[in-house]
Amino acid sequence: MAKFVIAGKTNCPLYAKAELLGDYLQRNLPNFVVHKWPIDSK
622 MAKFVIAGKT NCPLYAKAEL LGDYLQRNLP NFVVHKWPID SK
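Following the numbering used here, the numbering of the sequence shown begins with 622 at its first residue and continues without gaps.
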């Protein structure tokens, strides 16, 4: 099983793209888990 952690600031466009990619992979690959840790941008 593959596990990936995506962490980043909520207003970062690269974090948003990584989050979309993680969601896509989680839907389409068996045993693929993504954990997201958004960090509030201040």
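Hints are not guaranteed to be accurate.
When the alpha-carbon atoms are kept at most 25 Å apart in a straight line, the in silico SDA-like pairs for lysine to any residue are as follows [stated by the list, open to error]:
1. K657 <-> P634
2. K663 <-> N649
3. K663 <-> V626
4. K624 <-> K663
5. K663 <-> A623
Simulated restraints on C-beta separations [as the list claims (entries may be wrong)]:
6. A623 <-> K663: 17 to 23 Å
7. M622 <-> W658: 17 to 23 Å
8. N649 <-> A628: 19 to 25 Å
9. T631 <-> P651: 28 to 34 Å
Think of the hints as simulated: they come from the structure by calculation, not from any bench.
Ideal placement from N, C-alpha and C gives every residue a C-beta, glycine not left out.
Results of checking the hints against the structure:
no. : hint                      : in the structure
1   : K657 <-> P634             : holds (15 Å)
2   : K663 <-> N649             : violated (34 Å)
3   : K663 <-> V626             : holds (22 Å)
4   : K624 <-> K663             : violated (29 Å)
5   : K663 <-> A623             : violated (32 Å)
6   : A623 <-> K663: 17 to 23 Å : violated (32 Å)
7   : M622 <-> W658: 17 to 23 Å : holds (19 Å)
8   : N649 <-> A628: 19 to 25 Å : holds (22 Å)
9   : T631 <-> P651: 28 to 34 Å : holds (29 Å)
This entry does not satisfy hints 2, 4, 5, 6, going by the numbered hints stated previously.
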